[in-house]
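*Asks:* For reference, the chains in residue letters:
2 protein chains.
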Amino acid sequence: MPIPIDADYARQLDRQDVLARFRDEFVIVDPDLIYLDGNSLGQLPKRCISRMREAVDRQWGERLIRAWGDGWFGAPRRIGSKIAELLGAAADEVIVADSTSVNLFKLVMAALQARPGRTRVVTDELNFPSDLYVLRGALRLAGADYRLEVARANDGMSVSVDTLAGLIDERTALLTLSHTAFKSGYVHDMAEVTELAHRAGALMLWDLSHSIGAMPLSLDEASVDLAVGCTYKYLNGGPGAPAFLYVRRDLQQRLVNPIWGWFGQRAPFDFGLEYEPAAGIAHFLTGTPATLSLLAIEPGVELLLEAGLSRLREKSVQQTEYLIGLWEALLQPLGFTLNSPRDSNRRGSHVSFGHPDGWRIDRALIEEMKVLPDFRYPDNIRFGIAPIYTSFAEIHEAVRRLVAVMTERRYEKYSIERVGVT
Amino acid sequence: MPIPIDADYARQLDRQDVLARFRDEFVIVDPDLIYLDGNSLGQLPKRCISRMREAVDRQWGERLIRAWGDGWFGAPRRIGSKIAELLGAAADEVIVADSTSVNLFKLVMAALQARPGRTRVVTDELNFPSDLYVLRGALRLAGADYRLEVARANDGMSVSVDTLAGLIDERTALLTLSHTAFKSGYVHDMAEVTELAHRAGALMLWDLSHSIGAMPLSLDEASVDLAVGCTYKYLNGGPGAPAFLYVRRDLQQRLVNPIWGWFGQRAPFDFGLEYEPAAGIAHFLTGTPATLSLLAIEPGVELLLEAGLSRLREKSVQQTEYLIGLWEALLQPLGFTLNSPRDSNRRGSHVSFGHPDGWRIDRALIEEMKVLPDFRYPDNIRFGIAPIYTSFAEIHEAVRRLVAVMTERRYEKYSIERVGVT
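For the record, the sequence lines run as chains V and A. 422 is the number that this note's numbering gives the last residue of the first sequence; the numbers go up by one with no jumps. 422 is the number that this note's numbering gives the last residue of the second sequence; the numbers go up by one with no jumps.
If you're looking for bench data, these hints aren't it; they were derived computationally from the structure. Just so it is clear, the structure is predicted and the values come from calculations on it, not from any experiment. Hints are supplied without guarantee of correctness; some may be wrong.
Stated by the list, open to error - Just a few of them, taken from the derived set where beta-carbon distance is under 7 Å, the chain A residues facing chain V:
1) 29
2) 41
3) 44
4) 64
5) 72
6) 136
7) 270
8) 273
9) 288
Idealized CB from N, CA, C, for every residue including glycine.
Take these sequences, add in the hints, and give me the full structure.
*Replies:* Shown next as structure tokens:
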């Protein structure tokens, strides 16, 4: 049954939205700007403004070095334990440290050492290219025997368990995937895929960057071994905020962080010349954390916990379904393809549309229509829905403006050459 | 000739100080608090407050994802090029990324690969314990043949070139040292030690964390190969601010960053599945930088450039000499030893005093006297002088209060057990 395409229907959905009040928790300066890139950089929580004032003016400015004892030292674990709630993990299984890439490197090197004799790492081409770079660099360090196997996408947007199963055997040390694919939004079945890795004796490492904050996760229930993810997308932690890292409790003492440093040392203020790893998850820390960026994460995480992941997921599914309904009615006739899964059980919180003129259309949306989506090479316009602040009216209006770009042929004046960064 | 020990003399020195006006550039809330820990966490520049408001409220809050194109993407290189001026390096030889420890790991792994067949890394026991941890972790990864040689301190506070020379031979891949020792403040002769490494065919890597911002440096002139350092000490970049990394231009293409990531990729927005390193220093980047912490570095670096490193060094030497003069007159008689070099050519910008009751004296200074020094196990009280904001009057007053702690035996009520963190 086609959905109503009028704006009133969108407003009606907003009135029924039990999470609507959370939109007021975010800084929205220009109500006419439609921000659909929260899966790249989440919006600024109002609470974060005061929290950063406190961190800069009072903690750094007044408390100075004493602020370390007041709460800075504990921040990687404190914020990690809050993120753990979003992951379905125990508080002592998650820590915040470094970037996603550096954390991935740490866990991949640790995993390879924990599976001696196994020289294969399996991933898929839906994974972040950046993760593939980290993997290739890590395997180069590990030795000439090591190899990365990259599962191909079945239909350009998903990779089945069978395809993965075909690459996994007794040589596999590690299977590592993005849980939600950055481009198509395809979501792997965490429990099933993790079990596949375990059956072959391999470890399982998930990159949760595009999942966390948009859907409930159950790392412990699925017996996931390792995970990393970023905090500046649906977590709204600010540009390049430090990443999180999960190691299942029973693996924490068996795995060795390859990048030793004083924050991972048992007694850093003894200044001993030998490294003794701290117990538990803490030895996956390395150097002094980028504390201002770290503290900026906390308000966004707290907001997600207040909103509740089940309700956020419910709204996210309703919103992506609504957007796909509008696509069917209004965008498909204009030549847009749906580059995301139709099945909401296998779809994250963003929806990708393909068009041969995708790049120019994206430029027109940004430059003339005050719509900020994201673009992924070569022809993919990505509408990221952050259920904690995205409204149904915004989705409706974004589609209306996209239709206007097409019918008024506004994209034609833009060069087909991509320039700069988006 | 003994120095005048009266407060008037200190005030007279302050009146003659050509850098005195820079103190007003920093947030000093309590004029009675004497902060002598700028070599651990530098004070907050007033300009940083507005810069952080701009970064959070306007760039993140209003510009959102567009802020990446506005200036965030360029920040690691832009701020790196300013830091390069402080290092005596070219603008394209320095970049800001990750933590000092992660950068050290990157450069050590790169150096080992650039010197195949050489299995020794040489350092000394004056180096940061954290650097030793990184080195031990890196050598463990490199293989069972690899070994770390740690030169012993001659007198507990310095390591001579001859001592280092005794450990360096044709097996040495890398010599790596802290230029200014964190505990004693001993400063290695950069040119002479670098030449020593080069004569043996080894690479030279300096940790400049306790030097940068306190003295002029001449990395290019000394033909230094590699350097890292932190930005939150004399650079006043804020807690755990991202670190810098220097690679001499002619080495940039020959060395391989072991932690590959999209910020080090030639064309990150092509999202290609193969890693192609960016040209020049940029391929030593890995993941998305912790941008709020990164941007906080810039105002402090600008202030140092305005003040001028030669003038800062001149004042720093004058101030450490003054402090040592006061020690001679007032502290030595109370049982304090000077644990820093007497020769100002071999001394950085902090001075360490030893005392068997050091820990309790340090507690009394902090808890009762509003003096914030630093303490380094087992008995070392460290007075850090940041010439850009430390006044002579503060140095005089800190010594006066330290004398009061001793004569009034105020330290006796504190436990000899260390608790918590300082």
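*Asks:* None of the hints should be skipped; say for each whether it holds.
*Replies:* Evaluated hints:
1. 29: Interface hint status for residue 29(A): holds (5 Å vs cutoff 7 Å).
2. 41: Check passed: Cβ of residue 41(A) comes within 5 Å of chain V, closer than 7 Å.
3. 44: Hint holds; residue 44(A) Cβ to chain V Cβ min 4 Å, cut 7 Å.
4. 64: holds (6 Å)
5. 72: holds (6 Å)
6. 136: Nearest chain V Cβ about 5 Å off; hint holds.
7. 270: Given a least distance of 6 Å, the restraint on residue 270(A) holds.
8. 273: At about 5 Å, which falls below the 7 Å cut-off, the nearest Cβ of chain V leaves the hint on residue 273(A) intact, so it holds.
9. 288: With a minimum Cβ separation of about 4 Å from chain V (threshold 7 Å), the hint on residue 288(A) holds.
Violated hints are absent here; each numbered hint is respected by the structure.
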